[in-house]
Amino acid sequence: MDDLIEQFLLESRELIHQASADFARLAERPTDSGSVESAFRAIHTLKGSVAVFSFDPAERVLHRAEDLLELGRKGTVLLGRAELDGLVGCLDQVDRWIEEVERGGTLGDNADVLAAVAIARLDAPGGGASVPVIAPPGPGAPDRDSAKWAELLVQRQAASLETAGSLLTAFRYVPAADCFFLGDDPLAIAAAVPDLVTLEILPVAGEWPSADEIEPFTCISALEGLSGAPVEDVRAAFRLVADQVSVTVVDPLAGETADADSGKRRIADSVRVNVEHLDALADRLGELLVGLNGLGPIAAAIGAVDAGVAARMRAADGELQRIGNSLRGAVEAVRSVSLEPTLRRLPRIAREVAASMGKDIAFSISGQKVVADRQIAEGLYEPLLHLLRNALDHGIESSDRRVEAGKPPQGRISLRLKRDGETIEALLEDDGGGIDTAAVRRIAVERGLLDEVSAAQLSEKGAAGLIFAPGFSTAETITSLSGRGVGMNAVKVAIEAMRGTIEVDSRLGQGTVFRMRLPANALTTRLLIIEAGGDRYAVALDQVVETVRMSNAELLPVGNGTACVLRGRTVPVLGLGALLGCADASMPHAKLLVARSRGETVAFRVEAFGERINTMVRPPRGLLKATPGIMGSALLGDGGVVLVLDLEELAA
Amino acid sequence: MTVRTGPGAIYLDGRCLADDADHLLVALRQSASQVVNIERLERMHMAVAQVLLALRPTIIGLSDKTPASARIVIAAANAEYA
Chain A
2 MDDLIEQFLL ESRELIHQAS ADFARLAERP TDSGSVESAF RAIHTLKGSV
52 AVFSFDPAER VLHRAEDLLE LGRKGTVLLG RAELDGLVGC LDQVDRWIEE
102 VERGGTLGDN ADVLAAVAIA RLDAPGGGAS VPVIAPPGPG APDRDSAKWA
152 ELLVQRQAAS LETAGSLLTA FRYVPAADCF FLGDDPLAIA AAVPDLVTLE
202 ILPVAGEWPS ADEIEPFTCI SALEGLSGAP VEDVRAAFRL VADQVSVTVV
252 DPLAGETADA DSGKRRIADS VRVNVEHLDA LADRLGELLV GLNGLGPIAA
302 AIGAVDAGVA ARMRAADGEL QRIGNSLRGA VEAVRSVSLE PTLRRLPRIA
352 REVAASMGKD IAFSISGQKV VADRQIAEGL YEPLLHLLRN ALDHGIESSD
402 RRVEAGKPPQ GRISLRLKRD GETIEALLED DGGGIDTAAV RRIAVERGLL
452 DEVSAAQLSE KGAAGLIFAP GFSTAETITS LSGRGVGMNA VKVAIEAMRG
502 TIEVDSRLGQ GTVFRMRLPA NALTTRLLII EAGGDRYAVA LDQVVETVRM
552 SNAELLPVGN GTACVLRGRT VPVLGLGALL GCADASMPHA KLLVARSRGE
602 TVAFRVEAFG ERINTMVRPP RGLLKATPGI MGSALLGDGG VVLVLDLEEL
652 AA
Chain B
3 MTVRTGPGAI YLDGRCLADD ADHLLVALRQ SASQVVNIER LERMHMAVAQ
53 VLLALRPTII GLSDKTPASA RIVIAAANAE YA
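Those protein sequences? They're chains A and B, same order as listed. Numbers 2 to 653, taken from this note's numbering, label the letters of the first sequence in order. Numbers 3 to 84, taken from this note's numbering, label the letters of the second sequence in order.
Note that these hints are calculated values from the structure, not bench results. Built from N, CA and C at the ideal position, the CB exists for glycine as well. Take the hints with a grain of salt, since some may be wrong.
[What the hints assert, rightly or not] Derived DEER-like restraints, expressed as beta-carbon distance ranges: (1) A206/A - S35/B: 26 to 32 Å; (2) D179/A - D15/B: 45 to 51 Å; (3) Y382/A - D66/B: 45 to 51 Å; (4) N80/B - H278/A: 38 to 44 Å; (5) A406/A - A77/B: 58 to 64 Å.
Just chain B, same shape as in the assembly (with noise of 0.2 Å):
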């Protein structure tokens, strides 16, 4: 499963592709704690990557195998644009 709920945080396991990001959305709108896990995640397609950036849940998980993918969507996450 590449979209799991899990204790405390959603995970994104192994490589998430464009189908990833409906189930993605429906378990951010029922989760209270809005934390998404990304260190098992290999791939993020753009699909997930908006729903991340649009619902902007709290990602842990980041580590040196984070795909680069999930690195610029944290970094746009985090960015303050004029």
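In isolation and in its complexed conformation, chain A is listed as follows (with noise of 0.2 Å):
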């Protein structure tokens, strides 16, 4: 593809995702002005884009935009929810082109029928019309040429962004000359913003007096700062001087390259690299920690023959360990990502499938700016995208049926992400009507996956787990979005690949929530090395609950199995080399592996728990693939390969 239109789709999603990002702030609080201008600009640039490529249909589209948000901000207009809909409109349809112009390298058909229809949306009855202003623009809406003052600050404050990779909100605060006497310090005032990244003090006459001019009880400063807290939360701060402060958003990395001679912009400090050459690195860097694993044992090994050599093997042992995990590390910040990219098509989809279905809804995301290894970014679009769509096909109701159950009529869907350590926690909830637990139970033993007594032992949360089964399905029609039955299966198949969990937790008639942990990192694992029928195996330490060893006595015959009590609950007990197709070795203590499988807790019995080591699994191949149990192989630094067990599976 053409660099310059690479360039283009890439600087035009961001210019979209900031005007959503705009008008669901504007959707809350309708007088942000900060959020018209941003908006404003982005909608600006986004015009001037596409006139490049002549893309006229998109251009009269954002033409017609812009010229609603101009409206919006000298006050003529409020943007109330009918003037939104039709921006968002807008915008959805630009996005749609844009996605048209990746695929085929021009807007595709209709354009110019899609145009007309964007349009008509902003010109609709109570789209575009003069309303009575209720209120007032007030300070925090400047015009045209002052804007220029954020501008100005953000080129001034360049060296000191260098680390900011997201939006800042930029105040000016021009105190009123006889503060003083009414108490007001402007300068802790200002020093109290959250999340302050910068702050100067400037002459407002633009140079300061000399020192028999000053009258020191009369202030002559303006205060500019940069914050990287939001628009609501910077204004909370001046809410008792409100009158003499603006506020507004800038992205410290957009905007034109350094001006060579000035020099007071920087170049964005990021550089564009081949994800081929990311992956090559993440090899060598996995081979290199197979190597330096092989060390430990070698120094063992010469303890037997020379201890002074034994010892000063470890302690360089232990040294090129820090350096490798320091290594893994700086490769880990190379491959992270934000989520930011994954998810920014969602908020339009859910609209778009929503609307298809006649259904009301309101989709918030929160947490997208955690990061991520750029493998387990990009394959959490497609699982979530089935969830979404799956909460709109079958979680939330229509309105009327809402209505009947006591339920506002809009349904609502969230997604939250946050990063806990090492993993990313995903969760997707409606306030849908649940899952009929009784119903599934049911379909599962039609379907042949249990008996009735074992569906009926099932807790709530395990049987509603059964959803992810392999050709499970509820729906009565199978929809174009959903109900094939292969659905829940692929998005827990996907998930797994990516070292992840997924649980379902859900009460008939209130909602469901899917609640996802994956590795924030993909290029290593944390294993524990562990026997089981004789052999070496290894789990993932993120399966791993705990590990507990007990006497032999506390293993109690229940039906054909076994089980223990663990904490109060009774969790059965399975022999691990007996699941694996070998002879359980009889020993003198339990040593139990314990872990979770669709919602239970379940207790392997193993013959010896061994090392723990950080190092990567190679995805199985040829038969291991075809093989139950197994989710890859590693390789020891003792040059052995174990098989990596996949606990979850195994219990199933």
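Grab the two chains, each in its own frame, and use the hints to assemble them into the complex.
Put into structure tokens, the structure is as follows:
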């Protein structure tokens, strides 16, 4: 693809995302002039970009949107729900055109008709007509010329912003000249802005007065600064002097490259790297780590011959392990990307799908700025998309049914992401009808997935988890979106391929939440080496809840199997060797590996626990791929290869 | 005394509030050395900051305990704006 088009696609998506975020803020605060200003700039810039490529229908749509935003900036029109619907509709259309351009280089068929439809939505009654202004624009609505202060501020502070990768809130506080007599301390007020990145004090008149001219009790300063906090939080810090403050949003990385003469702006400190190079780097790192893991056993062997050399070797091994871990962290950082680009299409898709079903929903996302390895970020999109579509199709009821059930007519779906150490947690929650676990149990029995007794014994959570079983679907009609019985299982398989887990919790009539946990880094996995059936294996530590040692007498026969009591609950015990088709050796004590499978706790009996290592796990290939219970293989430092077991699959 | 003249410098001690701006201005107008010591400064009001920015004395006594507001003023005094 042409470099110019690639750049256009990249920048257009960022501008669309910016404008979407501004519209979302305006939906909650229609008088937020900072968001109007920011949206105007994004749409204006986007219009310029599409014009370069002569995408005329897109230019017409954006021009009309820009006109409406201009009226909003001037305070002639209040951008209420109707106006925002029209603006969001325009943005969605442009977003769809961006995808068309990526596919085929043009806006696709019927672009003129689609443009006319989008413009008509803007011009519809209530969408663009002048309405009485409810709130005065105030000083927070800078006109076009004074908006330049924010640009100049970013220029001056470019050196301080080199680590700022996201939008910042810029403020300009010009205290009243007599504010000292009112008890104000503008310096203290501005210094209390949350998440302050920079703060400058400037003479309002352009230069400071001389020693003879200065009036000590007249405020002659303007304070300009940048904060990492959202606009609302910055405004809150100035709430007692709101009439003296202008606030706007800036993107420190946007804009032209440095002026060669003045050098006052910086080129963004980033480099584009081919992903193949990143993958090759990861492979070499993996080989290095395997090699490093081999030094420990060598040092142990030397210890039997020469203790002094062994000690020096152990010291060197320790240092190399430290450097290896540091290198791993550096490579992981290079490969880490924000989840934002992965998720930015979801709101538009949610709107379109809901509209196609005649359902009214509000979809919110939080935590998009969480970073993860690019493989994880890319792999998360399809499962999330399917879960979202499933929530829209099966979860959220029609407005009429919701009202009958005493719920608000608008359904709510939320996606929350957060990083917890080395784990990404994603929660997709809806307030729809929930999962009918009685129906799920019945269908599972009908499909032969389990017998009636087992189905009845499952907990509510365990029963809900049956939706992840292959071939399971409770949908009465297969829609174009979901209900083919492959969706939920495919979601689970996709999540587990990234060494993640997915669980579901649901309450009938109230809603459903899907909880996914994934490793933030795809490079290496922390493994525990174990022995079972007379051989060595590995298990991923994030699958292990705990390891337990107990006397054989504490293992109790239950039916045809064995169980133990852990923390007051009865937990089934499975012999890992037997599961792997080998004999379980009889041991003086029971060593148990406790894990979770389908929402239930299970204990695996092993013969020994070995070391913990951090290494790369190769996905299963060939015969191994078809073998259940195998997640992959790993190379040990002593040159041995171990199979990495999938405990959840083995227990199933 | 929050603004006091000592040997070789004007000292800003403790919490310097709006009233201290005039004391500081008088002291600086009369001072030959134009040095301000903020080693024992705990707080600086905007009015005091303005006097420092307008008269640009040499500020000494910066330490770990220097309040953030004073650091902002020192940075502003050292900056060159377009």
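What hints, given by number in increasing order, does this structure fail? Per hint list: single violation, 2.
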